[in-house]
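> Chains as they are written, first to last, in my numbering: chain A, 1 to 180; chain B, 1 to 374.
Heads up, a few of these hints could be off.
[To be verified] Here are the simulated DSSO-like cross-link-like pairs (lysine-lysine), alpha carbons at most 30 Å apart as the crow flies:
#1 Lys-322(B) - Lys-295(B)
#2 Lys-322(B) - Lys-45(A)
#3 Lys-108(A) - Lys-41(B)
[Unchecked claim] To give a feel for the contact side, a few chain A residues facing chain B, derived at Cβ under 8 Å:
#4 Ile-29
#5 Glu-32
#6 Gln-34
#7 Leu-39
#8 Gln-75
#9 Val-76
#10 Ile-77
#11 Gln-80
#12 Val-146
#13 Arg-150
#14 Leu-151
#15 Ser-154
#16 Val-178
[Claimed, not checked] Okay, the calculated beta carbon distance ranges per label pair:
#17 His-109(A) - Leu-179(B): 12 to 22 Å
#18 Gln-176(A) - Leu-193(B): 38 to 48 Å
#19 Leu-111(A) - Gly-252(B): 37 to 47 Å
#20 Gly-252(B) - His-109(A): 25 to 35 Å
#21 Arg-173(A) - Val-327(B): 52 to 62 Å
#22 Val-327(B) - Glu-134(A): 47 to 57 Å
#23 Glu-134(A) - Leu-185(B): 26 to 36 Å
#24 Leu-193(B) - Val-115(A): 49 to 59 Å
#25 Thr-86(A) - Leu-138(B): 48 to 58 Å
#26 Glu-134(A) - Leu-179(B): 38 to 48 Å
Please keep in mind that the hints were generated in silico from the structure rather than gathered at the bench.
Only a predicted model underlies this, so the values are computations on that prediction, with no experimental measurement involved.
We put the CB at the ideal spot given by N, CA and C, even for glycine.
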Amino acid sequence: MHPIRKCFLWALVMTLFMVTSSASNDRAIIEENQAKALLTYNIAKFTVWPPESAPSDAPFTFSLSENEAMAKAFQVIEGQQVNGRTVKVSRDIKERLFVDSEVLIISKHQLQAFVIAKDELYHSPILTVTADPEIFDAGAMVLIEVVNDRLSFSVNLGRVKASGLEISGNLLRHAQEVKF
Amino acid sequence: MKYIKYYLILVFYVAFGLCAFGQTPPVDLANLSLGDLLNAKIIRSYADHAAFKTGGQDSPLGYLDSSRFHFSSNYINVKFDGYMDGTKDLSTDDVLWSNTSGEARTDKNFPIVPTVIHQEAIQFKGAYDLSERFILSLSIPYIRQETEHISIVPNFDDFTIVSEGLGDIEIAVSWIHQLSHSNNLLINLGLSLPTGSIDETGDTPGPGPDNQLPYTMQLGSGTYDIKPSIHYFGSAGNWTYGADLNLTLRTGKNDRDYRLGNVYQSSIWTRYALTDWLEPSIRINGVVWDEISGKDPALPYDSVNDLYPAAVVKPDNFGGTKLLALVGLRLNDPRGRLENTFLEFEAGTPFYQKLNGPQPSEDWRFSASLVLSF
């Protein structure tokens with residue numbers, strides 16, 4: 001066989017293998033920030049807030065002071081429903097962490113602010129979520145990470161319960177780690 | 001043009017295969033189940049990804065996402081037709097020494113004249129992300145060259161010679177630095193290995209049918225070449241833009257006692273996303289390359305009169321400056337499912353050439369690239 005034809009034949013076989021192996025592994029492909037927003041939203045759906053924490057017709061607020069890309073990613077859940085309430089995404093945290101929201105996303109640069117506010121947060125029905133292990137170790141309730149191109153999350157159940165929130169066991173069984 | 005047929009068959013085969021994969025219905029992200037979400041493949045930020053899409057077929061693999069393996073194939077066809085000396089166009093009659101009417105033999109005319117040269121190359125490139133910042137890559141070119149000639153040599157009034165085979169394999173390491181959210185720098189250091197033949201022979205005017213072919217018909221440089229490059233690229237809205245500087249620095253001399261000239265190449269380019277799947281581009285490419293140093297002793301040369309039988313065997317008749325304008329079209333997966341996988345076409349022509357001549361001048365070039373990440 002002519003060398004270049006042989007070369008094309010091999011290239012054809014190789015691409016066929018690649019395409020079929022890709023096709024057989026039919027995983028959804030999601031951008032990292034958007035995936036973190038979606039997982040935060042899913043975790044909120046598996047969490048129960050005390051009935052007295054907010055009126056049932058009030059918006060369900062996710063607060064964050066992340067960068068533009070992360071804020072844009074959270075738009076995917078804006079207008080969705082959690083426990084019959086409409087999701088609102090707020091980016092107005094400036095001076096301090098403790099805000100009137102159901103879910104608080106704490107970014108890496110807010111470690112110091114979190115350490116200062118955590119005592120106040122522990123006694124409020126606010127689900128604290130972070131992507132930074134250091135902030136999780138400092139007392140945030142949920143850690144979301146990407147490990148080997150998959151989402152993973154850990155829960156500090158002790159902190160969750162202390163704030164009056166309840167997380168479903170169906171969610172916890174998917175957790176990478178549950179701290180008590 | 002012979003192998004474009006095979007290349008296009010391959011490209012369309014793969015493109016259709018990928019489209020079939022891309023037919024998976026889009027999902028409403030907010031309604032993804034927890035299980036599907038935790039099973040999803042997470043790619044790095046789109047912002048980063050867009051920035052890493054560099055342009056042009058000379059660029060390194062132009063993307064980076066959570067996929068670690070990248071594969072690209074690139075076909076390029078360059079046609080040379082006509083001659084230039086400096087910036088002056090010459091006809092083949094100007095270059096051919098006809099040995100009639102008392103025409104003087106000089107160092108600017110030759111008894112053998114290549115008229116049309118086609119250079120085709122198919123390059124397969126694989127890359128692996130060592131880390132977020134470092135990429136290791138390997139490029140394997142397959143080259144085919146065909147040159148038509150006219151001459152005053154009996155029985156060689158017009159003849160064609162062909163050479164083909166493996167070119168110089170290149171290994172490279174790239175380092176990526178994000179200057180800001182939408183501005184990036186990629187520094188690449190490559191080493192080209194002398195795997196391409198410099199011993200190609202053919203039936204040319206001379207003793208016997210297997211004469212050493214001219215420099216233009218050899219498949220490699222015969223030397224270890226250092227290939228540093230630096231690429232800047234950024235994005236703003238639907239625009240992606242960048243600038244590149246690529247050098248090919250030859251080391252030593254090859255086994256045939258010559259060294260091809262260094263090549264200094266630079267590009268500026270921009271691409272506009274008309275839709276999610278269609279991105280036209282323009283690129284200006286400038287090339288400066290040096291003449292050949294040394295001389296292959298197997299090539300014919302009249303040392304008494306310091307005359308060569310053809311321009312393409314005269315080391316001084318290499319090198320020059322060239323500016324090209326190129327237009328391109330990138331086709332992405334319209335479903336957006338195939339991250340960093342695209343098909344790209346680019347065609348262009350020189351708008352300025354200043355050649356150490358007489359030297360064959362470039363007429364046009366065309367390239368097609370297929371990039372896959374997995």
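> All hints, please: hold or fail.
Hints, verified against the model:
no., hint, result
1, Lys-322(B) - Lys-295(B), "holds (24 Å)"
2, Lys-322(B) - Lys-45(A), "violated (62 Å)"
3, Lys-108(A) - Lys-41(B), "holds (24 Å)"
4, Ile-29, "holds (5 Å)"
5, Glu-32, "holds (5 Å)"
6, Gln-34, "holds (7 Å)"
7, Leu-39, "holds (6 Å)"
8, Gln-75, "violated (10 Å)"
9, Val-76, "holds (5 Å)"
10, Ile-77, "holds (6 Å)"
11, Gln-80, "holds (5 Å)"
12, Val-146, "holds (5 Å)"
13, Arg-150, "holds (6 Å)"
14, Leu-151, "holds (5 Å)"
15, Ser-154, "violated (13 Å)"
16, Val-178, "violated (15 Å)"
17, His-109(A) - Leu-179(B): 12 to 22 Å, "holds (20 Å)"
18, Gln-176(A) - Leu-193(B): 38 to 48 Å, "holds (45 Å)"
19, Leu-111(A) - Gly-252(B): 37 to 47 Å, "violated (55 Å)"
20, Gly-252(B) - His-109(A): 25 to 35 Å, "violated (52 Å)"
21, Arg-173(A) - Val-327(B): 52 to 62 Å, "holds (55 Å)"
22, Val-327(B) - Glu-134(A): 47 to 57 Å, "holds (50 Å)"
23, Glu-134(A) - Leu-185(B): 26 to 36 Å, "holds (29 Å)"
24, Leu-193(B) - Val-115(A): 49 to 59 Å, "holds (55 Å)"
25, Thr-86(A) - Leu-138(B): 48 to 58 Å, "holds (53 Å)"
26, Glu-134(A) - Leu-179(B): 38 to 48 Å, "violated (26 Å)"
The structure shown violates the earlier hints numbered 2, 8, 15, 16, 19, 20, 26.
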